[in-house]
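*Asks:* Take a look at the letters that make up each chain.
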Amino acid sequence: MNKLKSNFRLIAAALPVALLSTGALAADETIAVFTKNQTNPYFQTVRVGAEVAAKSMGAKVVHYIPTKPDSIPEQLSQIEDVIVKKPSAIVFVPVDYKAMVPGVEQINDAKIPVVNVTDRSAGGKFLAFVGADDYSLGLETGRYLLKEMGGKGNVVILEGVKGSLTNIDRVRGFNDAIKENKDVKLLASQPANYQRLQGLQVMENLMQSHPQIDGVLAANDAMAIGAIEALDGANRKAKVIGINGTKEAIDAIKAGKLLASGDYNGFVQGCIGTMVAIRSLRNEAIVNEVVLKPTVVNASNYQPYDVPLEARTCPSWADAAAMATKAPTKTN
Amino acid sequence: MSLAGDVSAGTPRIHLSKDMQQLLYRLLAAGLLCVALSVATDAFFTANNILNVLRQASLLFFLASGLTLVILTGGLDLSVGANIGLSACLAATVIKATGSPALGTLTGLASGCAIGICNGLMVAKLRIPSFIATYGMLWVLHGVTYYYMAGETIHGFPPGFRHIGSGYFLGIPIPVYLMIGFLIAGTVFAQRTVWGQQIYAIGANPMAARLSGIPVDRRLILVYAFSGAMAGVASIVFLARLNSAEGDIGEAMTLPAIAAVLIGGASLFGGVGSVFGTFVGALILTLVLNGMNLLAVNASWQPLVTGVIVIFAVWLDMVGRKRS
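Just so you know, the sequences run in chain order C and L.
Residue 26 in our numbering sits at position 17 of the first sequence; the count goes up by one each step and never skips.
Residue 393 in our numbering sits at position 302 of the second sequence; the count goes up by one each step and never skips.
One or more of the hints may lead you astray.
For lysine-lysine, the following DSS-like pairs were computed, each having C-alpha atoms within a straight-line distance of at most 25 Å [unchecked claim]: (1) C:Lys-263 to C:Lys-64; (2) C:Lys-161 to C:Lys-266; (3) C:Lys-188 to C:Lys-161; (4) L:Lys-187 to C:Lys-256; (5) L:Lys-413 to C:Lys-263; (6) C:Lys-266 to C:Lys-256; (7) L:Lys-187 to C:Lys-266; (8) C:Lys-77 to C:Lys-64; (9) C:Lys-302 to C:Lys-188.
If you are wondering where the hints come from, they were derived from the structure by calculation, not from laboratory data.
Computed from a predicted model, the values in this text were never measured in an experiment.
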């Protein structure tokens, strides 16, 4: 009992300080952040970005993540939960850009402001869209590899999950980069479903039928690193690129094993998405669309990525607004 | 049913020849696949590629061989993939924390085995249907693993440890030796020991098995423990091969493992199947992927091709066995 009382006193003493440091509005702003799964490190970067942004602006974040990765019914039922709990705003990554439209409409009907992050929803009303462009990510990362190869040689593509939006655009970007180089030959384009083990096995198989592979374009980092293991195991060398800029990829770049990784900027997406949501609640100017420019992380520029996620800082609002593809607007 | 009769009463010679006949039909599909691929591409029938296929099949085989025993009893273990995920992450943590691959390996095996024993207790003692018990376990394990890993990966292990997955001895990959070892041990255990025969008997007719004095509960716990332990083995080889652990590594392996057992001639009703059959099943699934990659089959067609070949292989086996 005594302990409880002293705890209470502590909290009571700390409360005014907290209020002072975060501003009076902070007390009841809760941002519900929806992401696709707990397994892909990318979404962890989005979540941490959202947390860092919310913390710096004095708001709270609650995460909604399907326990079964990318489960449509689960995300739909989480939306229903959230409509009952009424958070101040929602930052939303749809598990499926088409199938979640009815869910978004439910959020719209409940009049909860919502920001769309990462995968552009096919419908529904959003304050803003914040994402990266998979096509230019594939194109730029592919171009970097081919330039490092001197514009000639044999390459293979490791595709992600057939039919997923990210995969279609990334592979299209890869292919267009290859078409720009007449002396580059595409030996095979095979699916490894974004899986590390399949990346390894498919690469092992491709090495059997192709004695000379100079470059590997993998649609995500896990497959790229699987492919590197396969190359190492066979004592063969090839330049490999991945996409996502994960911690593991940065380590592999530092070790000289991975040439580069196209950064999808999940952290910044989480930051800006959350900043837009909170700013709209405070009737401050927001932007309607931010499509981040691709960054190709390589041995010369990995340093800013080589810090723990929690220690990174969000871009300032001025920088974020400068990235906007449409003119800033004022909310009502 | 009939097999259980053979098991308890048949003379050794007849037993062997019938087994051999069935094995031949099971190998037929794999053989046809090999012939077709040899004709289609020069890259297939090379020593390198054969070793490559065997090494790739080994991971699936580890998982499927333990599962075979469970399916022989008429049960199912849906938690093997999730088991690999958690066991690999725990083993990776221990290796990172202590720097000792031996401790890490022990952790992975112990974790796999402990999960298996929990499954066995639920099935044998609480009488929960194995599908539900292990399906529940799958979610429990995913929940724990995803929470524990929080989307992170653990990577970079000592070269000595990596040797288990990526090393060679006399030009043959270490996982292939492990696979042959478990193939022989599993076959001897299932076909030539009293416990193995009791497992067949339980699957063929649990009531008769109980009445004839077989300690059914203990044998059930044993097979789930084996299945879990083999998932532990798979998790260690996986870590050593991939040099990295993440929460969902086993996710994509559960169904192929079950498929390998069934393609290998086992029945979901229990009492029928063999570890060698499962080996052939794992080989067929691996050959399909290998062949599609070698021939560079268009990505859009690959799932269709896989499905057709799996159905065809099982149909061939059934027709063959009816004729005999």
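*Asks:* All hints, please: hold or fail.
*Replies:* For each hint, the structure was consulted:
1. C:Lys-263 to C:Lys-64: 31 Å, violated
2. C:Lys-161 to C:Lys-266: Holds: Lys-161 (chain C) and Lys-266 (chain C) sit about 20 Å apart, inside 25 Å.
3. C:Lys-188 to C:Lys-161: Holds - the C-alpha atoms of Lys-161 (chain C) and Lys-188 (chain C) are around 12 Å apart, at most 25 Å.
4. L:Lys-187 to C:Lys-256: Judged against 25 Å, a Cα distance of about 16 Å means the pair holds.
5. L:Lys-413 to C:Lys-263: Violated, at roughly 60 Å.
6. C:Lys-266 to C:Lys-256: 14 Å, holds
7. L:Lys-187 to C:Lys-266: 21 Å, holds
8. C:Lys-77 to C:Lys-64: Status violated; Cα separation ~28 Å.
9. C:Lys-302 to C:Lys-188: Status holds; Cα separation ~22 Å.
Consistency with the previously given hints fails for numbers 1, 5, 8, ordered from lowest to highest.
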